[in-house]
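Engineer: As a plain string of letters, each chain reads:
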Amino acid sequence: MKRLLEDEVVVAAPRERLWALLDDVGALKRILPGCEELEEEGERRYRAVMSTKLPFMTLRVSGTALLDELRPPDHVRLEISGRPLGLVGGFTVSVPIDATTTDDGGTRGSYAVDLQLTGRLASFGAPILRAQVKAQVREMIANLERELASGEEPPA
Amino acid sequence: MSRNVQAVVIGGGVVGTAVLRELAQAGVDALLLEAEPALCEGTSKANSAIVHTGFDAKHGTLESRMLRRAADLWPALVDELGVPFLDVGALMLAREEGDVPRLREMQAGAAELGVATELLDATALRDSAPFVTELATAALLIPGESIIDPFWLTRRLAEAGIAAGAQVWTDARVTRLEVGESDVHVGLTDGRMVVADQVFNCAGLWTDEVASLAGDTSFSITPRRGQFLISEETFGIDRIVLPLPSKMGKGMLVTPIVFGGLLLGPTAEDLDDKTDRGIDAAAGEAIREACAAMVPAVRDMVPIRQFAGLRAVSSTGDYILRPSTAGDRLYHVAGIRSTGISASPAIAEHVVAEVIGVRRWRRATRSGALTEAGFASQAGPVVCLCRSVSAAELLATGSQPIPPATLDAAKRACGTTFGDCQGNLCAVPSVQILASMLDRPPESIEKHHSGSWLFERAAAQSPVVGSPPAPDVGPTLPEVVTMLIVGGGLAGIGAALAAADAGVRPVLVERTAAWGGPIARAGGLTDAERHVLDEFEARLVDGRCIGWLGATVASLLQSRGGWEVSVQDAGAGAELVAERVVLACGGYVEPREHRAIDGPRPSGVTTADLVHSALDAGLLPGRRAVVVGNGRLADGTAARMQHAGMAVERAGEVTALRGEDRLESACADGSWVDVDLLVLADALVPAPFLLRPLGLVDNRPGVPAPTDARGATPLPGLWAAGTCRAPDVDHLRSLDDGRAVMLAALGDRAS
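As given, the protein sequences belong to chains S and D, one line each in that order.
According to this note's numbering, the first sequence holds residues 1 to 156 in order.
According to this note's numbering, the second sequence holds residues 1001 to 1751 in order.
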């Protein structure tokens, strides 16, 4: 696997609250960018169909999402592997996340993105992939923040 | 037959298609005429693919004005068109005494034009770009400099025009232009006539010739040739690196390619001949040296291609955006030297606004949704190994508003034939798919320009040595494959028999439709090898080996249980897990593009790989050929070609070529011979396709699979045998090596 990037993000919610989202398949589906289908098929293992919009092409991928190395509330690793529909080859993306509490009670997530690509996706080249992964991570954070915000709304 | 339209655009490059889009979206009934069979066949297909900010443009010029306006238009245009575009930024290096004050001058000039820049000192430069030369003492960072895919851009501009109601005619060469008071009569080669209220002359290099059709000789265009090298390996370079300009021009650049790899160049050679896209080894070396002086790592690159583009330099030294002297119903959009991509949105906006004002056309806003080609959910067989392009992906180009009509247009549309082997492994299946998609015979598909024919139909009376068709359905596989062998050439067959003899039932996957590899296809096997091939086929029958023809191992991923393998074939393919994998995938014959062979790049320049694929498909790749090589692959290939009715000469070396569209002659062993086909059969490049994603080799062609003496790669359970680890175009030791590596792999498994 190749490390594509390392970064960190701060979310205005305690770690325990974020961790609870991992038990909620519906929330996970809303947080994972472009997730069309997510079904639990084993312990922390999900069958997924996702859609990814590159600037010049929309990819639909089918594969497996796995939550691994669970050490609540400090560490988790998200791994998604699968194949783009209609294209040759496959991919595995691994995102280890370390969570710490910030001074104001929020969560600082330090994460990396490791990627292994084969076939057509590998031929797209690093510049496009790096830009795409960064965009996906941004979208995931935005989804997460929206999920947290919607959770704060009082029940109707 | 004649047709009346409001506006005709002559020329289907980036400028012509940008004008077409602008016209159509303003509600003007517009028709684009392109002389070649496909769009993007001129300057737009061979350039640096940079979207410049214009930071160094000469103040007060039209070029500078257009570049600055275009910078404002690009973000929305990229969103609208959905084109690959990355703002990577550029570094202009100071490497000599006195350069830093010049960088400051450049920075001040850029500021006056409103372009943001930043001056980096040596430390900041090193931190930001460790790949640049240690001699660089500072750099001007221009963050807005971007890269784009010029093929996608041209195609999507045309598609945006079509979506807004415009039409595009290809193979539509203008031969008559009568500019009148109230309209323009535009005559085409085939006798068709278009009557237009207004004509836009966007014919690039040929704008002066189009003008002269109307009797306007007010300007001339000189072709300036720029030669480039392409490297698949990037050496970590993620930004444009360029020198300070000199009296000779902007100099040579190192530019990331938006889809990966690097572009190096261009040279700047003023020519007389507007068709001379020839390349030469000396220029290649000059590019390498100039770029290595900025980025030392590129000295070690192995280019996969050298090519040349021709820029249109006008006699006025600036863009020519004005009505013709023959009448204002002909409008010139000419002399768009080397900044055509960058300035195209602003040029289109400017000229269309001016003409709409003069013509008093009523503006209407028209647009249509740009469609995105969808793939079939099943990828189908792998067509292009280098770029992993599937049949589904190539077929999807058929639903584009302008389906690719030539092999190079297909390359620009989906990447097939673009990689290391430069189409020698995939041109035949690509042409077959294109032909079926366009409902045309394969021999009617040309490479690029009219006259660049690729194949003829083999005459019925000259039988070709065919191969059995690939099965539609793959074999029944065990749940876990103990031993997977990738490649059914001599090494793979040697390995398979050794496994079967040891009681292990191997699965052997072969990309082509026949066993035995290139030497068997060339009819060059020894008696002993033929006997072994017979023995292998008997093992297939008795079930001690499982064979899968017409299937490609598309990916290998390490997993806990061994190797996850994805196999593509004409059906659904398969996903399987293999405990052990032996790569016996050989390689491809070194193409012209990797060699120092001077001259143009016509069709008919091939390797033995392409020749055998063509003959297998009942196609003749030429009439009179020179075959390069002295070994058994060359012997067998020449014999098979003669058997198919072709005239064949033999040579030890070819150093230069002639012929713009189709090969006309080759300098073979020091003498020019008139041939329409060059067949290289003298050197092998090991196949890197499965090794690169695993990180076992970098992106330079020619690196064999790294193995120890037994054939083990550094990755557990992955072995390599035959010519993919010890390149030999004649495969003399492949059979024995396959056997030996399998025995080692089995021994390793037992232990």
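Keep in mind that the hints were calculated from the coordinates and are not lab data.
Cβ coordinates follow ideal geometry from the N, Cα and C atoms, glycine included.
Worth double-checking, as some hints may not be accurate.
Claimed, not checked - A short list of chain S residues far from chain D (calculated; beta carbon distances all over 12 angstroms):
1) GLU16
2) ALA20
3) GLU41
4) GLU43
5) PHE56
6) LEU67
7) GLY86
8) GLY90
9) SER123
10) LEU129
11) GLU145
12) ALA149
13) SER150
Stated by the list, open to error - Cβ pair distances, simulated, as ranges:
14) GLY1236(D) with SER110(S): 17 to 27 angstroms
15) ALA1286(D) with GLU145(S): 51 to 61 angstroms
16) ARG146(S) with GLY1317(D): 51 to 61 angstroms
17) SER51(S) with TRP1672(D): 51 to 61 angstroms
18) ASP104(S) with GLY1165(D): 27 to 37 angstroms
As the list claims (entries may be wrong) - Interface residues of chain S toward chain D, partial, derived using beta-carbon atoms under 7 angstroms:
19) PRO55
20) LEU59
21) GLY63
22) GLY82
23) GLY89
24) VAL93
25) PRO96
26) ILE97
27) PHE124
Engineer: Is the Cβ of PHE56(S) farther than 12 angstroms from every Cβ of chain D?
Structural biologist: With a cut-off of 12 angstroms, PHE56(S) comes too close to chain D, as the shortest Cβ separation is near 5 angstroms.
Engineer: Is the interface hint satisfied for GLY89(S)? The criterion is a beta-carbon contact with chain D at less than 7 angstroms.
Structural biologist: holds, 4 angstroms
Engineer: Would you assess whether LEU129(S), listed as outside the interface, keeps its beta-carbon beyond 12 angstroms of every beta-carbon in chain D?
Structural biologist: violated, 9 angstroms
Engineer: Should the interface hint for PHE124(S) be scored as holding, given a Cβ-Cβ cut-off of 7 angstroms against chain D?
Structural biologist: holds, 6 angstroms
Engineer: Would you check whether the claim that GLU16(S) is not at the interface survives, using Cβ distances to chain D and the 12 angstroms cut-off?
Structural biologist: Consistent with the label, GLU16(S) stays out of reach of chain D, its closest Cβ about 32 angstroms off (over 12 angstroms).
Engineer: Could you see if the CB distance from ARG146(S) to GLY1317(D) stays within 51 to 61 angstroms?
Structural biologist: For GLY1317(D) against ARG146(S), whose Cβ atoms are near 55 angstroms apart, the range 51 to 61 angstroms holds.
Engineer: Against chain D, run the beta carbon of GLY63(S) and see if the smallest gap drops under 7 angstroms.
Structural biologist: At about 11 angstroms, which exceeds the 7 angstroms cut-off, the nearest Cβ of chain D leaves the hint on GLY63(S) violated.
Engineer: Against chain D, does GLY90(S) keep a CB gap of more than 12 angstroms to every residue?
Structural biologist: GLY90(S) not clear of chain D: closest Cβ-Cβ about 5 angstroms, inside 12 angstroms.
Engineer: Verify that the Cβ of GLU41(S) lies farther than 12 angstroms from every Cβ atom of chain D, and report whether the claim holds or is violated.
Structural biologist: holds, 16 angstroms
Engineer: Holds or violated: is the Cβ of LEU59(S) closer than 7 angstroms to a Cβ in chain D?
Structural biologist: With a minimum Cβ separation of about 9 angstroms from chain D (threshold 7 angstroms), the hint on LEU59(S) is violated.
Engineer: ALA20(S) clear of chain D by more than 12 angstroms, beta carbon to beta carbon?
Structural biologist: holds, 30 angstroms
Engineer: Examine each Cβ of chain D, and state whether all of them lie more than 12 angstroms from the Cβ of GLY86(S).
Structural biologist: About 3 angstroms separates GLY86(S) from the closest Cβ of chain D, which leaves it inside 12 angstroms; violated.
Hint compliance for this structure: hints 5, 7, 8, 9, 10, 18, 20, 21, 22, 24, 25 and 26 are not met, and every other hint is.
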